Amino acid sequence: MTSPHEQKKRRINGTVVVTANRLGDGAVVYRTMDDDWTTDIASAAVVAAPAAAALLQRAEADGIRAVGPYIAPVELAHDQRVLPGNLRERIRVAGPTFVLPGTGQECARYAEATLALPGAA
Amino acid sequence: MYRYDELDQALVDQRVAEFRDQVRRRLVGELTEDEFKLLRLLNGVYLQLHAYMLRVAIPYGTLSSEQLRMLGHVARRYDRGYGHFTTRQNIQFNWIKLEEMPDTLADLAKVGLHGMQTSGNCVRNITTDQWAGVAADEIEDPRIWAEVLRQHCTLHPEFTFLPRKFKIAISAAAHDRAAVKVHDIGLRLIRNGAGDVGFEVLVGGGLGRTPFIGKTIKPFLAKRDFLSYIEAILRVYNQYGRRDNIYKARIKILVHELGAEKFADEVEKEWNEIREGDLRLDPAVVEEVSARFVYPAYENLGDNPPELARARKEDRSFAAWLDNSVANHKQPGYAIVTLSLKPTGGPPGDATAQQMDAIAELADRYSFGEIRVGHEQNLVLPHVAQRDLPQLWQRLEALELATPNVGLVSDIIACPGLDYCSLANARSIPVAQELTQRFRDHALARTIGRLHINISGCINACGHHHVGHIGILGVEKNGEEFYQITLGGRADENAELGTLLGPAVRYGEVADVIEDVVAAYVELRERPEELFIDTVKRLGVEPFKERVYAAR
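Keeping their order, the protein sequence lines are chains A and B. Numbering of the first sequence is given in this note's numbering, commencing with residue 1 and proceeding in unit increments. Numbering of the second sequence is given in this note's numbering, commencing with residue 1 and proceeding in unit increments.
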């Protein structure tokens with residue numbers, strides 16, 4: 001829930017991923033272990049914070065496929081699923097937290113993501 | 001409506017071709033993101049949380065039905081079927097792919113729309129009263145002056161890379177509906193003692209991290225000096241504005257640090273150098289711009305026709321809407337109709353593609369093909385014959401565009417907040433949605449009276465929280481959303497900044513707190529006619545604070 005600019009300044013401990021927006025359409029993407037990008041957080045490279053710097057550095061060098069990479073916190077669910085670590089990142093994974101105009105239904109991905117988070121609203 | 005000429009169209013078309021090439025070069029890696037960011041921001045393209053966002057200018061808030069249909073087309077073809085009207089007479093599309101941005105802009109250009117001056121450190125889209133040209137209390141149409149200024153500054157090389165963004169608003173009525181006092185430059189068309197019409201010039205207003213109410217530096221500016229004086233202000237700003245610190249780069253900081261008097265002296269010096277030069281406005285130029293504004297061929301009609309009187313008598317819902325959403329027009333027999341984009345439970349300011357198409361059709365049928373956009377994030381049909389109001393109301397009801405809450409507690413201004421915006425710290429839209437649910441009884445809302453709630457999801461204040469009668473500002477504390485509440489702000493001719501009520505409250509408590517504030521007002525007001533804002537002015541925030549925090 002903090003802007004990338006602020007997040008860059010902040011020391012993030014614990015388990016993290018490197019995330020960015022895909023150049024062509026702006027979709028949220030995550031850096032993978034084999035230095036590719038994925039839209040599926042479950043396929044992201046999940047590393048301890050100290051190891052994230054190298055992952056981020058390689059992501060930053062990839063200026064064509066994704067824009068504005070930064071380190072974001074994640075949590076591991078009981079079943080080891082990777083879940084975004086704060087509200088901002090949950091919204092990036094799941095979309096706006098309300099019914100989008102004209103669609104008549106809440107974003108299904110949001111409902112799933114919030115239900116998966118212990119203590120989430 | 002203003003009819004663009006061939007030069008305007010050529011400019012917009014050329015810009016699309018130029019941007020198409022820039023996007024192509026970015027996608028193949030010939031431009032870095034740092035290089036490209038500057039270029040996309042010249043065309044209203046932002047990168048937000050989930051996607052790119054395109055902000056399209058609606059100069060002085062005037063749209064033709066053809067343009068609104070095109071906005072509907074863009075929403076449907078390139079976005080997810082809706083758009084968001086902003087607090088500065090723009091519309092934002094939240095989900096457009098960069099790959100499709102050139103085609104989107106090319107479609108918009110077919111009807112003279114574009115994203116120029118909606119982002120970057122330039123003179124932004126010049127805004128005005130959404131009732132311009134039709135308001136009963138107006139001196140003259142302020143859009144003519146907005147258009148003169150737009151033509152002057154759109155590609156002005158000196159003003160394309162200012163220290164920071166620069167916002168100008170113009171109003172011509174006694175009641176300020178354009179929030180001119182919280183703009184970098186605010187212009188009020190006024191009549192002086194000799195009966196001449198000119199401008200009161202205010203400078204250094206603004207919201208954001210460091211809010212200020214604008215100061216009058218020229219009580220009366222003659223029309224012929226309109227461009228030269230504004231140019232002088234911008235030059236002084238360009239010369240002395242803080243480029244080294246983004247938080248101190250707006251003109252309001254410069255005016256504050258120099259003092260309004262000293263700043264005015266600097267402007268005067270600069271102005272004296274240029275006032276008799278090329279920028280001295282030839283009335284023929286203004287006349288030429290004015291002639292391109294086409295006004296409707298009104299019929300000779302009388303006020304309060306029998307159809308209207310009958311419908312008012314027969315249908316209480318219609319009467320409630322009429323009293324709330326319909327205003328006096330300067331032309332007898334006509335009315336100004338506000339279309340609330342604040343349905344109960346809906347995101348403030350959003351309209352679906354279907355609604356845009358339908359509104360365009362209603363504008364053709366009932367409002368000479370014209371629509372207006374107001375900074376309160378509602379739309380307006382500016383020229384409706386009073387005899388047509390009952391029919392129009394039925395059509396609007398079916399489209400969920402006749403919520404009778406204009407100017408009332410559920411007519412909430414809200415920024416996109418953390419649900420879309422990469423700068424936000426907290427959500428705005430769900431807070432607004434919950435409040436509209438709490439205050440969904442419009443009859444009760446009428447008894448509460450005029451009350452503006454403004455919500456921003458961060459300190460940048462796109463939701464104008466400082467000048468809400470009740471302002472709500474989202475902040476982050478230890479990873480959790482909290483909200484600061486202010487009372488007593490207002491954006492009109494008596495503009496003031498709100499006063500902090502007390503400690504910030506959690507997301508889940510906001511609606512309860514606002515209900516408590518409103519309940520306290522109802523108890524504290526001297527009589528039912530005393531507005532919320534007047535009660536706060538009379539008593540200060542303390543009695544409200546006691547009520548809200550005693551229970552927590």
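I should point out that these hints are in silico values taken from the structure, not numbers from a laboratory. Please read all numbers here as calculations on a predicted model, not as lab measurements. Among these hints, one or two may not hold up.
Unchecked claim - Stretch by stretch, here's where chain B covers chain A in the computed footprint (C-beta under 8 Å, at least three residues): (1) 20 to 31; (2) 39 to 50; (3) 84 to 98.
Said to hold, decoys possible - Partner residues are not named here, just some residues of chain A that face chain B (Cβ under 10 Å, in silico): (4) Ala53; (5) Ala54; (6) His78; (7) Pro101.
Glycine included, every Cβ here is placed at the ideal spot set by N, Cα and C.
Going through the hints against the structure:
Under the rule that three or more residues need a Cβ within less than 8 Å of chain B, the assignment of the segment 20 to 31 of chain A holds, with 7 such residues. Closer than 8 Å: that is the beta-carbon criterion, and the segment 39 to 50 of chain A has 0 residues meeting it against chain B, so the requirement of 3 is violated. With 9 residues bearing a CB less than 8 Å from a CB of chain B, the segment 84 to 98 of chain A meets the requirement of three and the coverage assertion stands. A least Cβ separation of about 20 Å between Ala53(A) and chain B goes past the 10 Å threshold, and the interface hint is therefore violated.
Interface restraint check for Ala54(A): the shortest CB-CB distance to chain B comes to about 21 Å, outside 10 Å, so the restraint is violated. The interface hint given for His78(A) is violated, since its Cβ lies 21 Å from the closest Cβ of chain B, which is over the 10 Å cut-off. The restraint placing Pro101(A) at the interface with chain B holds, with a minimum CB-CB distance near 4 Å, inside the 10 Å limit.
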